[in-house]
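Trainee: First to last, the sequence lines map onto chains V and E. Position 71 (the first sequence) corresponds to 71 in the working numbering; numbering is contiguous. Position 101 (the second sequence) corresponds to 101 in the working numbering; numbering is contiguous.
Hints listed in this document are in silico derivations from the structure and should not be mistaken for laboratory results. Idealized CB from N, CA, C, for every residue including glycine. Watch out, some of these pointers could steer you wrong.
Per the computed footprint, the stretches of chain V lying under chain E, defined by three or more beta-carbons under 8 Å from a beta-carbon of chain E, are [claimed, not checked]:
#, stretch
1, 64-76
2, 115-121
3, 125-131
4, 166-176
There are 2 protein chains.
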Amino acid sequence: MKEAELIRLFTRGAPLHGEGVVLGVGDDAAILRPPRGEELVVTVDAVVEGVHFDERAAPGDVGWKALAVNLSDLAAMGARPLWAFCALAFPRATGARALAAVGRGFAACARAHRIVLAGGNVSGARELSLTVTVAGAVARGRALRRDGARPGDVLCVSGTLGDAALGLLPGAPPAATRRQRRPIPRIALGRELAGIVTAGLDVSDGLLVDLGRMCEASGVGAEVALAALPRSAAYRRWARGADDPWRLAAAGGEDYELLVAVPEARLGRALAAARRARTPLAPIGRVVRGRAVVARLQDGERYRPAATGWDHVH
Amino acid sequence: MKEAELIRLFTRGAPLHGEGVVLGVGDDAAILRPPRGEELVVTVDAVVEGVHFDERAAPGDVGWKALAVNLSDLAAMGARPLWAFCALAFPRATGARALAAVGRGFAACARAHRIVLAGGNVSGARELSLTVTVAGAVARGRALRRDGARPGDVLCVSGTLGDAALGLLPGAPPAATRRQRRPIPRIALGRELAGIVTAGLDVSDGLLVDLGRMCEASGVGAEVALAALPRSAAYRRWARGADDPWRLAAAGGEDYELLVAVPEARLGRALAAARRARTPLAPIGRVVRGRAVVARLQDGERYRPAATGWDHVH
Chain V
1 MKEAELIRLF TRGAPLHGEG VVLGVGDDAA ILRPPRGEEL VVTVDAVVEG
51 VHFDERAAPG DVGWKALAVN LSDLAAMGAR PLWAFCALAF PRATGARALA
101 AVGRGFAACA RAHRIVLAGG NVSGARELSL TVTVAGAVAR GRALRRDGAR
151 PGDVLCVSGT LGDAALGLLP GAPPAATRRQ RRPIPRIALG RELAGIVTAG
201 LDVSDGLLVD LGRMCEASGV GAEVALAALP RSAAYRRWAR GADDPWRLAA
251 AGGEDYELLV AVPEARLGRA LAAARRARTP LAPIGRVVRG RAVVARLQDG
301 ERYRPAATGW DHVH
Chain E
1 MKEAELIRLF TRGAPLHGEG VVLGVGDDAA ILRPPRGEEL VVTVDAVVEG
51 VHFDERAAPG DVGWKALAVN LSDLAAMGAR PLWAFCALAF PRATGARALA
101 AVGRGFAACA RAHRIVLAGG NVSGARELSL TVTVAGAVAR GRALRRDGAR
151 PGDVLCVSGT LGDAALGLLP GAPPAATRRQ RRPIPRIALG RELAGIVTAG
201 LDVSDGLLVD LGRMCEASGV GAEVALAALP RSAAYRRWAR GADDPWRLAA
251 AGGEDYELLV AVPEARLGRA LAAARRARTP LAPIGRVVRG RAVVARLQDG
301 ERYRPAATGW DHVH
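All chains, please: the whole structure from these sequences, using the hints.
Mentor: Here it is in structure tokens:
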């Protein structure tokens, strides 16, 4: 297949024009006009066959997820999505139908979260991968960083935890499978929380791992009550028969929920912001002095998961 | 190796702070302040083992080239480099030493062309690859596009052609090998030519292929005199014994020189701009009406290369 056909196949259905796009897909580079008085937030993330998904994954889900995990990073910064760039690499044997399906999944996510596909690249490779760069905008100084948490802040997490990890288990309920395959970036919530919370990030590698990162960046510790972790009905059913009913919620990964630190005096504002974003937000613990991240069972015992999360690399 | 170690290894030596960088490597995303009154130019390109280089390539050269080919796209738009984002994927067997060398090559190119490494990603994969996104800035409306060439414009190309392709042949002279492994993006020239030329792009897939793209985008044709193509001493030596002495200069690819269309009345200004950028710029032909891209031998015969360039995909 020629490069031009590929690009046509892949871009069909994706928004190609929008805010700030002077020149999009097709030249040596995109020409973009950044919004005045705002800062840009930019991040890049890859999904690679054999690492982030296997050959049984539906191509449409792969396309969706490649963009969604990046949008989740914009959400975690409190930014409004603007522009996406997609570098697609795939083996010679990949059919046009599968590539078109990857493109449709990507385009569906782009439409749902209002981001323009402003550029990209196609290349051969031994496995299918999408490396996506996204840019968003946020008012100056209002981006949610991970280094602002202060002792006394209330830790809150959006949605429910553990479903995406549950979705990987054999016989997983469809709702959990969907969370695994088509994560929803918490864009509206991130934007509402910018300027209210002191720190925020998205839970991609497991709550305790990501909380550890926030604490390390902020120079603080944390105490979390496992019983307070928001869990879906599907998760609770699974947990009844599990050796460790907390494992997936505390350390499963790929939740793509937002974890934020809120000064106690602003907790009411944060919860009101979550209602405006129509997204559940639950207090799960506190930021404390020191460096230790401690999760406690209902009896007050310290919880020690077998694994605290997973490493994207190897 | 842990992700954090990897990042440290890879970023050592790269410029991490600079114009507009509010928050760089380390958070969910970078926070960037775009320069006022300018437009951003953004592009993404990948180098993949087995497609763009093989396992014999020096890791340092791979790191350099991954960034250089992207900087060449910024040069082709007339932009000043600002920020780079690097997504690195590599097989488990890759040693820390090789990764550090890739990082050093990338950093050397970043320092040489004054671009900040503002973010990135690391992932496992079956082969080594770097997917690099770069952003640059250019005064509003001054970016060099490929769609502005007009009949009568003089076509000019920078530097010399064919050396990078020559560098792939067995027994290639060291100067040609160096052009293949460590291409030099024509940043200074692109910036000087912005606002003078009507169209521009970088020669990455072979002069005739890329000229064809400029003509297609601009709705014009072109006539090129092969004898006018700038060739190095090493190229001329190779050409003496070659069946087709024009093949590599006309269709070799990976030159990363700039090809521009200049209205005749501004040719003097363009050549003066090239002198300011200390970069050779040679007239090689004309933009004409119609759609045909014709290259002529010295006797006026039409030249038809066996292959007109190469496709990055498969």
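Trainee: How about the stretch 125-131 of chain V: do at least three of its residues have a C-beta closer than 8 Å to a C-beta of chain E?
Mentor: holds (count 5)
Trainee: Does the stretch 166-176 of chain V contain three or more residues whose Cβ lies closer than 8 Å to a Cβ of chain E?
Mentor: It is violated: at least three residues are needed, and the stretch 166-176 of chain V offers just 0 whose Cβ sits closer than 8 Å to chain E.
Trainee: Would you check chain E against the stretch 64-76 of chain V, counting CB to CB pairs closer than 8 Å, and say if three or more residues qualify?
Mentor: With 3 residues closer than 8 Å to chain E, the stretch 64-76 of chain V meets the three-residue bar; holds.
Trainee: Examine the stretch 115-121 of chain V: at least three residues should have C-beta closer than 8 Å to a C-beta of chain E.
Mentor: holds (count 4)
Comparing the model with each earlier hint shows a violation of hint 4 alone; every other hint is respected.
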